[in-house]
Structures are given as C-alpha cells and as structure tokens.
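Enquirer: Single-letter residue listing:
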Amino acid sequence: MTLLWRELHPRILRYLRVAVGDSEAEDLTSEVWLEAARGLGRFDGDEAAFRAWVFTIARRRVIDTGRKAQRRRTDPMSPEQIERARNDAPDDVEARLALDAALRRVARLPRDQAEVVALRVLAGLNAEQVAVIVGKSAGAVRVLQHRALRRLADELAAEGVTRQTGGAIFGVDEPLTA
Amino acid sequence: MRNDDRVLDGLPAGDGAESLASLMDALRIPGLDHELSDQAQSVAAFTAALDAADTVDRPRRAPVRSRRSRFALTLALSGAALVATSGLAYAGALPGAAQDTAKGVLAGLGVTVPGPNQHARTHPDSRGNSAAAPGHAATGAAGTDATGDTSSGKGKGAAISTLARTTTATGRDKGAVISAAASGGKSHAGNSPGKASSHQSAGTSDQGGTGTADGASGGHDSHGSSTAQAASNGHSSAGSGNAGSHPAAH
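For the record, the sequence lines run as chains A and B.
For what it's worth, the working numbering labels the leading residue of the first sequence as 1, then goes sequentially.
For what it's worth, the working numbering labels the leading residue of the second sequence as 1, then goes sequentially.
A portion of the hints provided could be inaccurate.
What the hints assert, rightly or not - Cβ pair distances, simulated, as ranges:
id	chain 1	residue 1	chain 2	residue 2	range
1	A	Gly41	B	Gly79	44 to 52 Å
2	B	Gln41	A	Glu155	32 to 40 Å
3	B	Val111	A	Asp64	31 to 39 Å
4	B	Leu106	A	Val132	25 to 33 Å
5	B	Gly79	A	Arg151	16 to 24 Å
6	A	Asp64	B	Ala76	32 to 40 Å
7	A	Asp64	B	Ala107	30 to 38 Å
8	B	Asp38	A	Glu128	56 to 64 Å
9	B	Gly10	A	Leu4	53 to 61 Å
10	B	Thr101	A	Arg38	51 to 59 Å
11	B	Val83	A	Asp27	52 to 60 Å
Simulated from the structure, these hints should not be mistaken for lab results.
These figures come from a predicted structure and were not determined experimentally.
Cβ coordinates follow ideal geometry from the N, Cα and C atoms, glycine included.
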C-alpha cells in the first residue's frame with residue numbers, strides 16, 4: 001500500500017496542479033485517495049487499470065468542484081516555499097524547480113491539450129486509455145497531444161532552450177512567477 | 001505522430017525533440033520529499049477509509065439489490081397478469097362484469113374483445129337475481145332442473161324425505177305412503193298382494209315398501225327416493241330426481 005501510494009501520489013498531485021492550480025491540488029489529492037478507498041471494493045483490474053481508475057476519479061473531482069476555470073492560473077511560489085526549497089538537498093532543489101517550471105508550462109496550454117499531456121505523461125497512460133477517460137477518440141487524443149507538443153517545442157525554441165541548456169532554464173534561473 | 005508518442009512515453013526521440021524530452025523528464029521525476037512528506041498520515045487515512053468502506057458497503061448494498069429484485073419481480077408479475085387477463089378477455093372467458101370492464105379498457109387501446117354475452121348463446125347474462133333468470137334452478141324444494149322438468153330433481157327428493165320423517169304411518173303403511181308419493185301413484189308398494197295385481201312390481205312391493213319405510217325413517221334424502229325407485233321397479237321418478245346425475249331416469 002505504501003509503495004503504491006509513493007508511486008501514485010506525486011503523479012496525482014502534479015496532475016491536479018496542472019488542472020486546478022497549486023493551492024487546491026493538495027486538498028483534492030487527499031479527496032481522490034479517500035474516494036478511491038471507498039470505491040476500491042468495486043474496482044477489479046491490474047495496476048495499469050488501477051492507475052487509470054484513480055486518475056478518472058481525479059479528473060471527476062476537477063469537474064465536480066468546478067475549478068477548471070482556475071486551471072490556467074499559475075500560482076507563484078511563495079517566499080516561504082522558495083526558502084523551504086532552498087533548505088532541501090541541492091539535487092532535490094534543482095529537481096523541484098525543474099518540476100515546477102515544467103508543470104507551469106503544461107498548465108499554460110489550452111485546457112484539453114494540457115489534460116492530454118498530463119494524463120499521458122503523469123498518469124503514464126497510452127492514447128487509448130486517455131481517450132476513454134476524457135471521452136474522446138484515440139485519434140482525437142493524438143491530435144491534441146501533437147498540437148500540445150508542437151506548441152511547447154515552439155515556446156522552448158523561442159526561448160533558446162535545448163537539452164544542454166535545459167538545466168538552467170528548468171532550474172533556478174526560471175522565473176518562479178507567472 | 002509516432003515521435004510524439006515516443007516523447008510522451010519517455011523514449012528516445014528524434015533530432016529537435018531534445019528540449020521537449022527534457023520537459024517530459026522533469027514532469028516524470030520520482031516523488032520529491034515535499035510531495036511525500038505526509039505519507040504516513042495519508043496512508044493511514046486511506047487504510048481507515050478502506051476499512052470503513054468494507055464494513056459499511058456490504059450491508060448497504062444488499063437492500064439495493066433487493067429493491068431492484070423486488071421491482072423487477074413486481075414488473076414481471078404485473079406484465080404476466082396483464083397478458084393473462086388480456087388473453088382471457090380476448091377469448092371472452094372472463095366473468096361477465098370483468099369481461100365488460102376489460103372490453104371497455106381494451107377498446108380504449110384499440111383492441112376489440114367480445115362482450116360478456118357474446119359467447120353465452122341462449123344463456124346471456126342478466127344481472128341481478130339469478131333465480132329470475134330462465135333455466136337457473138334456485139335451491140330449495142320448488143327448484144327446476146336445466147330442462148325445466150319439475151317432476152324430478154332435488155326438490156322432489158326433499159319433499160319425499162320430509163314426508164318420510166313426518167308421516168304418522170308406520171311399517172308397511174309408511175312404506176306405501178312414501179312409495180306412492182315418490183312414484184306419483186304408480187307404485188303400490190306396501191299394499192296387499194291382491195291390490196297390487198295390476199302391476200308387475202306388486203310382487204315385490206311388500207319388501208320394497210318396508211325397506212323404503214325403514215330407510216326413509218332414517219331421514220336420508222337420497223335413500224328414501226332411490227329406494228322408492230327400486231321398490232317400484234323403475235316406475236318411480238323420484239330416484240332420478242335425487243340422484244341428479246341421472247336425468248333420463250323414468
């Protein structure tokens with residue numbers, strides 16, 4: 001159970017940060033776990049199916065709470081968060097800042113594109129599984145992910161980001177406010 | 001499109017996709033300390049919710065299934081009753097009032113079924129006192145059978161039985177009285193042999209009359225009249241009346 005939680009919890013939390021913003025994500029993540037616990041008796045399937053099921057719950061939570069309108073808000077890191085991050089281990093700080101920057105980039109995508117990228121990457125689902133969750137065809141999901149990646153690539157190219165310079169861009173030099 | 005899947009799945013992508021690959025790698029990094037900081041609390045809450053769901057869900061689901069089953073059963077039985085009633089109405093086999101009602105209801109649905117009297121031939125249903133309807137025998141001594149024959153049936157048997165119980169005659173005389181009444185005067189059972197010489201049954205009337213008297217004095221309806229018929233060697237119609245199932249008897 002602990003291993004499962006350690007594997008899935010960060011992914012759910014990141015998905016919800018993209019979907020509803022940082023300030024709401026933690027509470028919603030807790031609600032997702034509680035709902036999953038209550039409904040686990042009805043679940044039947046393997047680990048991949050469980051992952052898809054949990055992210056379906058998360059997505060429903062996003063819709064139910066009506067917070068999609070706030071999705072594109074990119075919460076700036078508070079001074080306390082920055083200070084706390086600086087107190088983390090150096091590797092962890094770099095990873096955390098890179099993660100935050102990446103999440104904000106995805107969150108700035110159009111809503112349906114951001115959702116597809118988040119489910120594909122964070123939930124680790126393929127296009128067919130994402131299609132089931134979002135109620136679209138697999139072809140439509142592939143179109144959305146293509147547009148999303150092209151858009152992201154254009155942004156990164158415009159900023160001169162390459163794999164070699166990515167560490168700097170996704171690291172502490174990346175502006176932390178939207 | 002294929003390259004998109006590789007980038008998103010974390011597989012090596014083609015040239016020009018390095019920056020995208022870095023972005024996806026950043027999204028995919030393992031859980032960080034601040035993300036896992038409340039692990040113990042969250043796992044405990046999840047486990048508690050799991051236990052609570054186990055204990056609460058089981059008793060709660062049963063009534064739901066039960067209500068669904070009851071609803072389905074009720075629906076099925078109602079449907080079956082409707083079909084059966086409609087079938088009977090179509091065949092005109094319902095009782096008169098029910099057939100009349102069914103005819104009215106089904107007519108509203110565009111289905112034509114026979115009325116209550118359509119299959120009655122010469123016996124249409126007349127509501128009210130059934131005794132007033134022709135051919136319907138009322139219970140009691142004055143009743144008639146289905147053919148309208150008043151000389152036979154339960155009524156006559158009852159009258160003979162009453163006579164057997166109330167007559168003041170005894171022995172042979174009682175037998176003679178009852179036998180004569182049962183046979184409409186044709187029987188001379190109980191009379192002396194000389195008086196009964198014109199009838200073939202006279203030879204046996206002594207014993208028959210006595211037997212009839214003995215039996216009749218017992219107060220048995222059928223016994224008195226059927227014995228009277230035997231005593232009159234088939235000339236009495238009382239037996240057929242009592243038996244009911246032998247309307248063709250003499």
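Enquirer: Determine for every hint whether it applies to the structure shown.
Expert: To see whether the hints hold, each was checked on the structure:
| no. | hint | result |
| --- | --- | --- |
| 1 | A:Gly41 with B:Gly79: 44 to 52 Å | violated (34 Å) |
| 2 | B:Gln41 with A:Glu155: 32 to 40 Å | holds (38 Å) |
| 3 | B:Val111 with A:Asp64: 31 to 39 Å | violated (50 Å) |
| 4 | B:Leu106 with A:Val132: 25 to 33 Å | violated (49 Å) |
| 5 | B:Gly79 with A:Arg151: 16 to 24 Å | violated (58 Å) |
| 6 | A:Asp64 with B:Ala76: 32 to 40 Å | holds (37 Å) |
| 7 | A:Asp64 with B:Ala107: 30 to 38 Å | violated (52 Å) |
| 8 | B:Asp38 with A:Glu128: 56 to 64 Å | violated (34 Å) |
| 9 | B:Gly10 with A:Leu4: 53 to 61 Å | violated (21 Å) |
| 10 | B:Thr101 with A:Arg38: 51 to 59 Å | holds (52 Å) |
| 11 | B:Val83 with A:Asp27: 52 to 60 Å | holds (56 Å) |
Checked against the numbered hints above, the structure violates hints 1, 3, 4, 5, 7, 8, 9; every other hint is satisfied.
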